[in-house]
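Trainee: Chain by chain, the residues:
2 protein chains.
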Amino acid sequence: MLIVQDPACKSFCYQRLKYLEQKFDFHIMFNGSSELEESSRIIHRDFYNIRKVDTHVHHSACMQQKTLLRFIRNKYNDEPDTVVYIKENGSKITLKEMFDNELKNSAEDATVDSLAVHAIGSCFHRFDLFNEKYNPFGQQLLRNIFLKTDNYIEGRYLAEITKNEIRNLENSKYQQVEWRISIYGRNKNEWKKLSNWVLNNKLSNARVRWVIQVPRLYHVYKKRNIISSFQEFLTNIFEPCFEAIKNPEQNQEIFSFLQQVVAWDSVDDESGISKYTTKGGELPSPDKYVSDNNPPYSYYAYYMYINIRTLNDFLAARKMRTLAFRPHCGEIGNISHLATMFLLADGINHGVNLRKSPVLLYLYYLKQIGLAVSPLSNNALFLHIGKNPFKRFFKIGVNVTLSTDDPLMFHFTDEPLLEEYSVCAHIWRLSTVDLCEIARNSVIQSGFEPSFKKHWLSFPERPEIKNYENNPLKTNVPNARIIYRRKTLEEEISNIQRLANHEQYT
Amino acid sequence: MLIVQDPACKSFCYQRLKYLEQKFDFHIMFNGSSELEESSRIIHRDFYNIRKVDTHVHHSACMQQKTLLRFIRNKYNDEPDTVVYIKENGSKITLKEMFDNELKNSAEDATVDSLAVHAIGSCFHRFDLFNEKYNPFGQQLLRNIFLKTDNYIEGRYLAEITKNEIRNLENSKYQQVEWRISIYGRNKNEWKKLSNWVLNNKLSNARVRWVIQVPRLYHVYKKRNIISSFQEFLTNIFEPCFEAIKNPEQNQEIFSFLQQVVAWDSVDDESGISKYTTKGGELPSPDKYVSDNNPPYSYYAYYMYINIRTLNDFLAARKMRTLAFRPHCGEIGNISHLATMFLLADGINHGVNLRKSPVLLYLYYLKQIGLAVSPLSNNALFLHIGKNPFKRFFKIGVNVTLSTDDPLMFHFTDEPLLEEYSVCAHIWRLSTVDLCEIARNSVIQSGFEPSFKKHWLSFPERPEIKNYENNPLKTNVPNARIIYRRKTLEEEISNIQRLANHEQYT
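Read top to bottom, the protein sequences are chains A and B.
Going letter by letter, the first sequence gives residues 45 to 550 in the working numbering.
Going letter by letter, the second sequence gives residues 45 to 550 in the working numbering.
Keep in mind the hints are simulated off the structure, nothing from the lab.
Careful: at least some of the hints might be erroneous.
The list treats identical chains as interchangeable, and a pair is accepted whether it falls inside one copy or across any two copies.
[Unchecked claim] Straight line, CA to CA, 30 Å or less: simulated DSS-like cross-link-like pairs of lysine-lysine:
#1 Lys-140 <-> Lys-518
#2 Lys-518 <-> Lys-110
#3 Lys-431 <-> Lys-67
#4 Lys-148 <-> Lys-518
#5 Lys-62 <-> Lys-140
#6 Lys-62 <-> Lys-119
#7 Lys-217 <-> Lys-140
#8 Lys-110 <-> Lys-439
#9 Lys-119 <-> Lys-400
#10 Lys-148 <-> Lys-531
#11 Lys-498 <-> Lys-110
Produce the complete structure using the sequences and hints provided.
Mentor: Dropping the structure here:
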């Protein structure tokens, strides 16, 4: 943070970013039409049939509002007598009773309006209201029944919705998804339950990879005496993974599910402030962290990182694929989050706050750390789309892609990812070359296995090679664009190296 | 135009518009949440299942780029030996020969990129380049074969594409369309040919009405000696209609097609400037107008209007439905176009130039003249979407709706109208109430018969009643919104009347 705030450093980075942005404008001015020509000569490929990965979607909001409404209505009609819930007094409640008696709300007459999950207009800077949008018809009970994996019906409804979404992906032919699903850290059984839900419902699919999202809710469980220390929280999250890798035989379901998990995420409202900071070692280690207050963002970040890293060493020693750390970062809140994750993360979600720090933005550019940006989500929650820095980041050459975040809350059409691309293309007048480059970035940022990436991009099998090759026949991105990006980055890095060696700045 | 430019009048209108805009903000501030509540209590209706009419679509660009590409490729594979064209030397060319020999371009390898009909980024302020986008693969020959009604295959391909689009409309359940199709005025046979094309191909459908668009190309035909005077141009356009109405027996196809036509349009690049003006009677009457130069916008406008009006009297005398005049106006070019059409038109397309004249904008508001705005089209051609005045017009209470203009050139998804609404909803954070009001406006502005409108809106059968009733069960627009709109307009009109009577301004 000392470097991030250093005035000379800020000026330097600001100038370099300005240069990179205008250099791209020049590139398009002089080479834009030849790029487009090259692109139109590529046979069999266009924006519609190149591979796109939606790298940032919360699984419980992955369906369209219309789809969820139809599903709920169909269930109400087709299986009214299914017991969906047990009251505290032990009485069993059927789906029909739930609507007719408990909620006094006929699912028959329901509309997208009464479902009330869409978040445009009503949630700006209100993460609390946004979280309530997960409740269909404003009812937490219905969230539990329809959008949770661990409930009285063992998550059957959510599994059926998921299967339907997988069918849509298969029909779309060129779309893949990475769904974020929660491990809370409340107890050690969560992994087993989640794994069983995925496996028993046969949700393993070549189109789908999973990202484990850990909500930063230590303080909630601590206050309720569910856990006794931050270490217990961490243990609940990570120990089952270590165990499963150590003894696959005894932990078949977790071991098997882990094959489909590609990354970890840390999630919550970043504008929430902790009582503590991590400055000067003020905070104890996790085993001694027993405060009822939530630790700060960087504390969560560091201890997730160090556990993930250890787990990865463990995996690598067994020649298994490692997991990336791709947390929510820079959506809102302090820019120090972005400094933290620059040091720890493989890629981040959002990152739009990088617009507030030239130093961090320049560093993210130099290291090509992936940003999964969701402008429609930002537009509903924290940043008007007219002010979204996506286009500027893209021009500079930051490794950005587009993702939907929560189709249930933000999108109108049955093709949410295409809708996200479309709105951005219109607002920022993105060319087909731009769109294909953004889609290519989504594959690179994703956790799909190297064999897939190779097939989609002619990406080298050896993941340590960062200097990705491009095959226009696969990506529809003209080589002119990729060469521009690579040369620009190489020049920028060698410039920095010269400066570091006290040579003259050219 | 004297009034439009009067400084005091400008100030007055500017103030009233400012007031109306801010009054709407207040309305939403205090009644927005109760509107939303009212709307969510309306059973069976939401934004997805209310009626929407796409009131401004050029028929030859009504399909999605992906759809056109697939159609061309299928034809190339399924009927390679169909003769599609006769060369000047009389030799017949098949579809396969056309691609393989004439164009040296395999339809097999074609992509959306090589089709090159999308207009984002490349056509800004270039109406000429935009017009070339109608040529698939940049080939005018292919436009003739695939997108024209009058060619060697008698427009069979375009008819097949049209039937496919009608099927899509039927599947969408709640969408109607008004397709614009050209009568050029080159000869008197155009009407008969066009009518035969529609009827023989069985394109009459309850989802579709037709708008006759007349391109302002007198000068082109005159220079080629196709016509000898402006009167001949007008006669070619209007006489067949008069004849058909007078003698339906002898003109069955035109008479029958006219039942499906609802309006007239006048189209071309409005930034094109005529050598002449209509000021002070400088220009002769149409029979004496024999110049090779194109007459000005207002000359076309007046003579179309006066012919339409006479035709309407003729229709009304026979108890037949009259046709509206809904020209392109205020897309670009001089604001005098908007003054002209304020006097002559029933509704206009675009009208975004009203942002440049407070007086005209206020007049269009007071008279509730319909504007079919196409922000995505404007964004590609003349006005960045961030500067589009749609939201401001909507807040003021101008009778605006959203339309697609040219899905072939502007849209990415298979639901172009929904995409248009979606982009606008995101950018301007339109609520579900706003969206439903805009959709309701589209029905009101459309030329669908009163019986349809009554069914969709509970609109009174008597079209002379302008004070439309609202039925929330049909429109999903809460009464609170409609009452606000009506009261605000009534107050504004009575205020003007007081002022006109020299009473004190309150």
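Trainee: Run every hint past the structure and note whether it holds.
Mentor: Now the hints, each set against the structure:
For a Cα distance limit of 30 Å, the shortest separation of Lys-140 from Lys-518 across copies, 27 Å, qualifies, whereas the shortest one inside one copy, 50 Å, does not. Taking CA atoms no more than 30 Å apart as the test, Lys-518 paired with Lys-110 passes between copies only; the shortest distance there is 19 Å, against 34 Å inside one copy. For a Cα distance limit of 30 Å, the shortest separation of Lys-431 from Lys-67 qualifies both inside one copy, at 21 Å, and across copies, at 26 Å. When the C-alpha separation of Lys-148 and Lys-518 is checked against a cutoff of 30 Å, the pair qualifies only between copies, where the shortest distance is 24 Å, while the shortest distance within a copy is 54 Å.
In this assembly of identical chains, Lys-62 and Lys-140 lie within 30 Å of each other by CA distance neither inside one copy nor across copies; the values are 61 Å within and 51 Å between. Taking the closest pair of Cα atoms, Lys-62 and Lys-119 never come within 30 Å of each other, the shortest separation being 55 Å inside a single copy and 50 Å across copies. For a Cα distance limit of 30 Å, the shortest separation of Lys-217 from Lys-140 across copies, 29 Å, qualifies, whereas the shortest one inside one copy, 37 Å, does not. For a Cα distance limit of 30 Å, the shortest separation of Lys-110 from Lys-439 across copies, 28 Å, qualifies, whereas the shortest one inside one copy, 36 Å, does not.
With identical chains, the CA atoms of Lys-119 and Lys-400 are never at most 30 Å apart, being 47 Å at best within one copy and 54 Å at best between copies. Taking the shortest alpha-carbon separations for Lys-148 and Lys-531, neither the intra-copy value of 64 Å nor the inter-copy value of 36 Å comes in at or below 30 Å. In this homomeric assembly, Lys-498 and Lys-110 come within 30 Å of each other (Cα to Cα) only across copies, at 27 Å, whereas the closest approach inside a single copy is 36 Å.
Hint compliance for this structure: hints 5, 6, 9, 10 are broken, all remaining hints hold.
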